[in-house]
Amino acid sequence: MSPALTSRKLVTIICEAELEALLVPELARHGARGYTLTEARGQGARGVRDGAWRASSNIRIEVLCDATVAERLVDMLQARFYADYGIVVFVVDAAVLRPGKF
Amino acid sequence: MPFEPVILFFLLGLLAALLRSDLKIPGVVYEALSIFLLLAIGLKGGVELARHDVLDLALPALVVVGVAMVIPLACFPILVRVGRLPRADAASIAAHYGSVSVVTFAVASSFLATRAVPADGYMTVFLALLELPALLVGVFLARRGQGQVQWSTLLHEVLAGKSIVLLAGGLLIGWFAGPEGIKPLDRLFFDLFKGMLAFFLLEMGLVAAGRLADLRRAGPFLVAFAVGAPVCAGLLGLLTAGMLDFSVGNAVLLATLYASASYIAAPAAMRIAVPEANPALSIGAALGITFPFNLMAGIPIYYWLAVHMNGALS
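Residue numbers (our numbering), protein chains in the order written: chain U, 1 to 102; chain A, 1 to 314.
Hints were generated in silico from the structure; no laboratory data involved. Among these hints, one or two may not hold up.
[Said to hold, decoys possible] Residues from chain U shown here face chain A by an in silico Cβ test under 7 angstroms; the list is partial:
(1) 18
(2) 21
(3) 52
(4) 55
Using N, Cα and C, we set each Cβ at its ideal position, and we do this for glycine too.
Construct the entire structure; sequences and hints are all you get.
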């Protein structure tokens, strides 16, 4: 790994688009310094999410952060949203430039 | 033809989906069409509102909104007791049926225009007013003191949602500009309206076909409810219209508003405020059954009833 790179965590959240208004404000509240949001389509336990209209649209939110924040985010997401919403969260290792941003 | 030709586009969409055609309307086109329709409906209402004294509408508006609250309050116990649905699902479905569908309203307006039945543009004001209150009733029914509701997020989601912003914005722009001021925009917003509505209905056909599978799992009660509720609500609309001395055209529009079920604002609001409710049930009923029912049978029925009840009521 290049010495210029620093280890961080990449938290990826794929969830129903309706969640955006509830979920996004929580990210900063739990220590995330930023996020990237894209529209997503796919298939899973709740059938095909084809994005044809809002009720069948998904979003994909990515957050780069340190391990502590990643853990906090995962705990919060599980506690608040897992019971009632279509949501998938996974965390992978990432290597970043400018670690101060994340 | 007993129903609006524009509905054939909806049937084409349904058919295409059932045939597993590769026809797809991209999500951005759907968004653009809905923005156009909402703005055009708002503008049209606003232009005609400019011909009336707005204060005269205050009392009818109160009555129309007040009576409309009967719909979710009556649906809820039926869904719980007869349908044996969990409280959250019953409340969410009741909210969907209490709120309104803009496109159903647009098709009813178009139905009246085809038959040269006059209706007042200010009916659009009722359309804008009727979206929110039933959603609040639904949330109240689901919660009744239990659990927390993020009221501020919910209110923001609905009031700042595109349907209210564009309908109310269009109404204000149309009202401010008046018939003369809006003339340069006539071609875009009024002449193209039916074509855009046809496009939108094609897409709704595609989407509605996908919801039918959800309903198969829901069972016969919900299917019967999705037909029975709009007919009863439509009758309530006709009676209210009679009480307010509305013309036949206005009575049909009010009946259609009461009979229609929301499938855009309500699902979004219920996902936030009553997340444990299963959206497949409410959207399946509202969009899979009630929407096509109103388009093809409901609106002609409300029209027929309004014409025949007119003498008896006024």
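Tested hints:
With a least beta-carbon distance of about 4 angstroms to chain A, the hint placing residue 18 of chain U at the interface is held under the 7 angstroms criterion. Of the supplied interface hints, the one on residue 21 of chain U holds, with its beta-carbon coming within about 6 angstroms of a beta-carbon of chain A, less than 7 angstroms. The criterion of a C-beta within 7 angstroms of any C-beta in chain A is met by residue 52 of chain U, whose closest approach is roughly 5 angstroms, and the hint holds. Of the supplied interface hints, the one on residue 55 of chain U holds, with its beta-carbon coming within about 5 angstroms of a beta-carbon of chain A, less than 7 angstroms.
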